[in-house]
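Number of protein chains: 2
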Amino acid sequence: MNGNSGYPERATGVQLPKTARGQITFDKLIKAAEKVIGESGYHEASVSAITQAAEVGMGTFYLYFRTKKDIFRELIYYVHHDLRRFIQISVADIADRKDAEVLGIQAFYRYCLEHPHLYAIIREAEFVDYEIFRWHYSNFARGYAGHLRVAMTKGQVKQLDPEMLAYCLIGISVFTGMRWPCWEGKLPSKEEIDTLREFILSGISPA
Amino acid sequence: MNGNSGYPERATGVQLPKTARGQITFDKLIKAAEKVIGESGYHEASVSAITQAAEVGMGTFYLYFRTKKDIFRELIYYVHHDLRRFIQISVADIADRKDAEVLGIQAFYRYCLEHPHLYAIIREAEFVDYEIFRWHYSNFARGYAGHLRVAMTKGQVKQLDPEMLAYCLIGISVFTGMRWPCWEGKLPSKEEIDTLREFILSGISPA
Chain B
0 MNGNSGYPER
10 ATGVQLPKTA
20 RGQITFDKLI
30 KAAEKVIGES
40 GYHEASVSAI
50 TQAAEVGMGT
60 FYLYFRTKKD
70 IFRELIYYVH
80 HDLRRFIQIS
90 VADIADRKDA
100 EVLGIQAFYR
110 YCLEHPHLYA
120 IIREAEFVDY
130 EIFRWHYSNF
140 ARGYAGHLRV
150 AMTKGQVKQL
160 DPEMLAYCLI
170 GISVFTGMRW
180 PCWEGKLPSK
190 EEIDTLREFI
200 LSGISPA
Chain S
0 MNGNSGYPER
10 ATGVQLPKTA
20 RGQITFDKLI
30 KAAEKVIGES
40 GYHEASVSAI
50 TQAAEVGMGT
60 FYLYFRTKKD
70 IFRELIYYVH
80 HDLRRFIQIS
90 VADIADRKDA
100 EVLGIQAFYR
110 YCLEHPHLYA
120 IIREAEFVDY
130 EIFRWHYSNF
140 ARGYAGHLRV
150 AMTKGQVKQL
160 DPEMLAYCLI
170 GISVFTGMRW
180 PCWEGKLPSK
190 EEIDTLREFI
200 LSGISPA
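Chains as they are written, first to last, in numbering that gives the first Met the number 0: chain B, 0 to 206; chain S, 0 to 206.
A couple of the hints might just be wrong.
Straight-line distance between alpha carbons at most 27 Å, and here's what the computed BS3-like set of lysine-lysine pairs gives [claimed, not checked]:
no.	chain 1	residue 1	chain 2	residue 2
1	B	K67	B	K27
2	S	K97	S	K157
3	S	K185	S	K97
4	B	K97	S	K27
5	B	K30	B	K185
6	B	K157	S	K157
7	B	K97	S	K97
8	B	K27	B	K17
9	B	K97	B	K17
10	S	K153	B	K189
11	S	K68	B	K67
12	S	K97	S	K153
13	B	K185	B	K34
14	B	K189	S	K97
15	B	K67	B	K30
16	S	K68	S	K27
17	S	K97	S	K17
18	S	K157	B	K189
19	B	K97	B	K153
20	B	K97	S	K157
21	B	K34	S	K68
22	S	K34	S	K189
23	B	K34	B	K68
24	B	K68	B	K30
25	S	K67	S	K27
26	B	K153	S	K189
27	S	K34	S	K17
28	B	K68	S	K68
29	S	K68	S	K30
30	B	K68	S	K34
31	S	K67	B	K67
32	S	K67	S	K30
33	S	K189	B	K157
34	S	K68	S	K34
35	S	K97	B	K157
36	B	K27	B	K68
37	S	K157	B	K68
38	S	K17	S	K68
These aren't lab readings, by the way, just hints derived from the structure by calculation.
Sequences are here, hints too, so could you generate the full structure?
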């Protein structure tokens with residue numbers, strides 16, 4: 000797997016569906032894996048619990064995935080792209096990257112509330128499949144740094160190292176997302192969001 | 000367990016040593032657990048691998064710990080206090096909290112390099128014992144917010160929500176610590192540290 004590419008190679012243990020009907024079954028299995036692994040953790044989750052939740056037979060699972068780890072990796076690809084798309088849509092109309100930073104983090108909070116399992120699964124990936132975990136964050140940071148680099152060229156964000164700044168902003172998102180949406184099941188208060196905005200905007204605005 | 004207290008209750012499955020000699024054996028077991036669980040992960044690690052690494056008999060393990068999870072929790076307490084002590088010592092002579100922030104994060108990087116297993120173990124705790132994981136970060140953030148509150152009173156740090164700011168700074172530490180010390184086995188470059196400092200100091204300095 001190429002940790003820097005836009006999409007890592009599929010594990011040899013995944014057989015992508017070839018028909019529309021197959022795609023529906025495949026998606027059902029991914030959604031079921033999200034629920035079962037999200038609720039009970041990777042180690043406790045069983046293939047039979049996943050097929051039961053997807054309402055398909057065990058044999059159907061093995062048409063697409065060789066092992067539980069293969070469906071887990073596929074689930075991480077799904078979360079990765081779904082989350083990025085969700086954030087991109089949320090900030091699509093924002094002209095200034097500075098404003099997009101805080102709104103992007105707020106979109107991330109909403110994503111955490113709507114998909115608590117998906118997000119827990121990404122963090123669990125570190126201990127299930129380190130390569131895919133690292134791919135997720137380095138690829139996310141690469142996209143983030145690219146946006147920041149463009150904003151620096153436009154003079155919207157001060158000249159800083161884009162990768163370091165990307166990891167700072169991802170760390171802020173993940174830890175504040177853990178504290179409020181994940182632990183409390185709610186968005187931060189207006190005052191807390193004001194602090195987030197004030198800290199980030201003062202940190203990245205050109206002098 | 001009280002998630003807000005300075006020290007959570009010991010699990011009923013831990014028997015603290017009563018003699019100096021017992022303490023030496025106990026510490027040996029903790030160090031061995033750090034190595035074995037750090038290298039192979041909690042689920043793969045076995046009590047017998049821990050006792051072999053500690054060079055004690057299996058019976059000795061069970062004098063102090065009822066299960067593998069009990070020694071894991073004890074290890075998290077150890078890491079938590081060891082890390083906080085390490086950072087506190089590193090910034091003890093710094094009068095201005097603003098400067099202490101960045102120096103504290105740099106101390107954290109060194110800690111990650113010196114104790115790669117310990118840090119991975121804290122993150123694994125999320126999936127082994129969620130309660131102790133949450134205790135670690137909420138207790139860490141509580142201490143952090145307390146320092147920030149004092150610095151705000153002194154006018155060293157701008158008036159912001161101390162808890163939100165604490166989680167932002169912890170997120171920055173954890174994610175940049177993951178990217179450089181943990182993944183690359185090295186400290187960020189001078190230019191990267193300059194970005195870290197510029198971002199944080201602009202973000203928290205009073206106008």
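Comparing the hints with the structure gives:
{"no.": "1", "hint": "K67(B) x K27(B)", "verdict": "15 Å, holds"}
{"no.": "2", "hint": "K97(S) x K157(S)", "verdict": "10 Å, holds"}
{"no.": "3", "hint": "K185(S) x K97(S)", "verdict": "24 Å, holds"}
{"no.": "4", "hint": "K97(B) x K27(S)", "verdict": "51 Å, violated"}
{"no.": "5", "hint": "K30(B) x K185(B)", "verdict": "23 Å, holds"}
{"no.": "6", "hint": "K157(B) x K157(S)", "verdict": "20 Å, holds"}
{"no.": "7", "hint": "K97(B) x K97(S)", "verdict": "23 Å, holds"}
{"no.": "8", "hint": "K27(B) x K17(B)", "verdict": "15 Å, holds"}
{"no.": "9", "hint": "K97(B) x K17(B)", "verdict": "43 Å, violated"}
{"no.": "10", "hint": "K153(S) x K189(B)", "verdict": "25 Å, holds"}
{"no.": "11", "hint": "K68(S) x K67(B)", "verdict": "25 Å, holds"}
{"no.": "12", "hint": "K97(S) x K153(S)", "verdict": "11 Å, holds"}
{"no.": "13", "hint": "K185(B) x K34(B)", "verdict": "20 Å, holds"}
{"no.": "14", "hint": "K189(B) x K97(S)", "verdict": "25 Å, holds"}
{"no.": "15", "hint": "K67(B) x K30(B)", "verdict": "14 Å, holds"}
{"no.": "16", "hint": "K68(S) x K27(S)", "verdict": "17 Å, holds"}
{"no.": "17", "hint": "K97(S) x K17(S)", "verdict": "43 Å, violated"}
{"no.": "18", "hint": "K157(S) x K189(B)", "verdict": "18 Å, holds"}
{"no.": "19", "hint": "K97(B) x K153(B)", "verdict": "11 Å, holds"}
{"no.": "20", "hint": "K97(B) x K157(S)", "verdict": "20 Å, holds"}
{"no.": "21", "hint": "K34(B) x K68(S)", "verdict": "26 Å, holds"}
{"no.": "22", "hint": "K34(S) x K189(S)", "verdict": "31 Å, violated"}
{"no.": "23", "hint": "K34(B) x K68(B)", "verdict": "15 Å, holds"}
{"no.": "24", "hint": "K68(B) x K30(B)", "verdict": "15 Å, holds"}
{"no.": "25", "hint": "K67(S) x K27(S)", "verdict": "15 Å, holds"}
{"no.": "26", "hint": "K153(B) x K189(S)", "verdict": "25 Å, holds"}
{"no.": "27", "hint": "K34(S) x K17(S)", "verdict": "25 Å, holds"}
{"no.": "28", "hint": "K68(B) x K68(S)", "verdict": "24 Å, holds"}
{"no.": "29", "hint": "K68(S) x K30(S)", "verdict": "15 Å, holds"}
{"no.": "30", "hint": "K68(B) x K34(S)", "verdict": "25 Å, holds"}
{"no.": "31", "hint": "K67(S) x K67(B)", "verdict": "25 Å, holds"}
{"no.": "32", "hint": "K67(S) x K30(S)", "verdict": "14 Å, holds"}
{"no.": "33", "hint": "K189(S) x K157(B)", "verdict": "18 Å, holds"}
{"no.": "34", "hint": "K68(S) x K34(S)", "verdict": "15 Å, holds"}
{"no.": "35", "hint": "K97(S) x K157(B)", "verdict": "20 Å, holds"}
{"no.": "36", "hint": "K27(B) x K68(B)", "verdict": "17 Å, holds"}
{"no.": "37", "hint": "K157(S) x K68(B)", "verdict": "47 Å, violated"}
{"no.": "38", "hint": "K17(S) x K68(S)", "verdict": "21 Å, holds"}
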